[in-house]
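Relying on the hints, combine the two individually framed chains into one complex.
So the protein lines, in turn, are chains C and P. Okay, so the first sequence: first residue is 351 according to this note's numbering, each after it adds one. Okay, so the second sequence: first residue is 20 according to this note's numbering, each after it adds one.
Keep in mind the hints are simulated off the structure, nothing from the lab. Since the structure is predicted, the reported quantities are computational estimates derived from the model, not experimental observations. Keep in mind that a hint or two might mislead.
The calculated DSS-like cross-link candidates involving lysine-lysine, where the alpha carbons are at most 30 Å apart (straight line), are [as the list claims (entries may be wrong)]:
(1) K360/C / K375/C
(2) K401/C / K41/P
(3) K41/P / K393/C
(4) K22/P / K401/C
(5) K462/C / K491/C
(6) K407/C / K21/P
(7) K21/P / K401/C
(8) K612/C / K360/C
Heads up, incomplete: computed chain P residues facing chain C, CB under 10 Å, no partners named [as the list claims (entries may be wrong)]:
(9) R33
(10) L52
(11) R58
(12) L62
(13) V64
(14) G86
(15) I92
(16) D101
(17) E139
Just so you know, even glycine gets a beta-carbon here, dropped at the ideal spot from N, CA and C.
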Amino acid sequence: MASLRDIREKIRGVATTQQITSAMKMMSTARLGRAIEAINLTKAYISRLEKMVQCVKRELPNFEHPCLSEREVKNACIIIIGGERGLCGGFNHELHRFAMQAINDHPAPGKKIAVIGRKPVRFFEQKGMPLFASWPDIGIKSVETDLFPISERLFELFIRGQVDEISVIYTSFISATRKHPVISRLLPVDTGSMSPRSPGQAAHTFDFLPSPALLFDQLMPRYLRNLLHRAIVESSAAEQSARMTAMTSATDRAEEIIDDLKLDLNRSRQALITREIAEVIAGSQA
Amino acid sequence: MKKSFTVTLARPGRHLVSFEAKALQLPGDRGSLGVMAGRQPMLTVMEPGVISILEITDHRRLFATTGGFCEMIDNEATLLCDSLITVEELEAEEMSGGKQEKPATTAARNYRRDFTKMSEAEKRAYALNLLRHALRK
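One chain only, chain P, in its complex shape (with noise of 0.2 Å):
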């Protein structure tokens, strides 16, 4: 059995990017989902958190999202975020200093979170707060 699968990423109005991954982790709408290569198929929705795929060579790739959704079929999984934000963008927007992000809200924080609730800078917030939290690690 093959032990990789193929990890593509793609948001809205950005060039898709492919991943030959071993593992995937994933913001599920019941928390945090593992994929593996040979998965049973599936389709999910994904919640504001962070990506984490673990590639062939072992280099762990992180990412923040808003949410959006994630297919994985014929050991192929598909993630369509509604944003995608990387670490190096991470990285030069705190450097930069311009944009800064509003500390997660009481409901961005609230463990029973509802984030139909939530606006999309909000979501982006929590989503970015939860990135450098798995930096920090």
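Looking at chain C on its own, in the form it has when it is part of the complex (with noise of 0.2 Å):
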């Protein structure tokens, strides 16, 4: 049986990792609360530049362009958002499962493979995987500056017809409890999901300045960087709510963990009085 000091040892030392998880409980909380209102707000911004997207798919039906085309996908670019640090349960391994199961099943024979974050980063330099491009740094907090060049390159890219497709790995977040990876296609843009003018909706005549295709090459780059960085608030919304869901399970593990060393100390001191009560009546016998 171990001594009293080393249980109460023990005791100290889980108490204090308690008191870790505890407070990373505490800030993935806090955190995941900035995140989700952070999605809010992305949401609002995204959904009027999809009214817009819709709105020059609506009033000229026949306009073409190389966003809005479906062709045949021989090279495909599939970007993976993944998280930034580790503890938070197994959400990493399972992005990282299903982006290796998406990439394996994409029927393009050409894929070039970008990742945004450390963690997905370190797996597939690990796999010895040739990653096209990588940003580890990138996250919620540097989005709005960081996400400029990344879009452009990526819009050059499918504009010049050195990918036909781009999509985009990450942890979806429905809510605190409901989170799921996805793949969603960025470019080009589904305008099957668009809304067609309804019978009884009047017909605009509207004034594009400069023309449609010139709008729509400015309109795109923003509308492919804001995609991104809706993917990157929810896959940060997913990661600390992940975190916290971890953190919650850690802090409680450690409370059993302490409550069962506080009765085995209770047990040892009342076995030591014992022995001790038993030695002293054994002595004053003899």
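Structure follows, in structure tokens:
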């Protein structure tokens, strides 16, 4: 049986760990709140941006643009957005497994893999998979400024025909308890989901300044950037939510371990007292 | 005919702001563009510059933007800005003295400016210079 001193040291160690996990849980909760707010704000902006894209498509049904037309996918660019850090349960593992499966199942013969986030960069480097581009330091904080060159580069690739499709894999955040990895196509834009003008809706004579083609050339990189932004923000919220759950479990488990150790401590102390009393009685009888 | 229209300003990661306006002036791709109630539907690109909103109360609001888009449909103007700097933000920035904007570069001062060659920082500096100039008027 362990000595009383050993058990007390163990309790102290577990209590320190519990303090850390509890602090991490609180931090994740606060960050999750901020991330959820960021998701709502991003969604509000993107819905208006989508309305503009829909507006062009609706008013000019015969308008052709590389971003709107489907083409045979010979080369696909798949962007994987993952976690920044660990200690978030199965969040990173689940995403990496999903990403590997999605990459293997993708029908395109040529695949360019781009990665955002420290954890997936390390994962794909360890796997020895060639990465077309990696941005390990992009996170929820640096998104606004740092996404400009990324979206411009991806847009250039698509417009020049070096890739025929751009998709993103990230963890979709539905609620604090519901989140799962998804693959979503960014370009070409899925026009099937766009609502055509309803029969009762009045036709407008739109002024496009400059021409629709030039306008679309400027609109699309922003659209792409904001869709990436939303994916990063959602992934970040999902990561914080996973960390919050993991740290809650860790804090609860630490509490259970401390209770067990306290029980052991009391048992050991009681056994020691009983033994000492027995020794005293045995001594007095002798 | 209605004499006012709604102007909604949106920028990434921030709350939407709406005003009931009499007139709107924005930096279009071919120069300053004025919008009034009942305007024909339009979709236009915004270049870096100053957005001026004349509210229904005759209060004029000024903003600097580094670019974006403006959609006017059904008497509602939606301005999607890449970034938006309010007068209050500009004043707070200048008072704190922490973040001094670089003076506009030659490219930014050039009348025949090419915004595609300007970085985001240059566009911001250019727009802020225009906002300062508009405030002095």
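To see whether the hints hold, each was checked on the structure:
1. K360/C / K375/C: The given pair, whose Cα atoms are some 22 Å apart, holds under the 30 Å limit.
2. K401/C / K41/P: holds, 24 Å
3. K41/P / K393/C: Distance ~29 Å between K41/P and K393/C Cα, so the pair holds.
4. K22/P / K401/C: holds, 25 Å
5. K462/C / K491/C: Holds, because 26 Å separates the two Cα atoms, which is no more than 30 Å.
6. K407/C / K21/P: holds, 29 Å
7. K21/P / K401/C: holds, 24 Å
8. K612/C / K360/C: Holds. K612/C to K360/C sits at ~10 Å (cutoff 30 Å).
9. R33: Holds. Min distance 6 Å.
10. L52: holds, 8 Å
11. R58: holds, 9 Å
12. L62: It holds, given that the least Cβ distance between L62/P and chain C is near 6 Å, below 10 Å.
13. V64: With Cβ-Cβ at 5 Å, under 10 Å, it holds.
14. G86: holds, 8 Å
15. I92: Holds: closest Cβ of chain C sits about 7 Å from I92/P, inside 10 Å.
16. D101: holds, 7 Å
17. E139: Cβ of E139/P sits 6 Å from chain C, so the hint holds.
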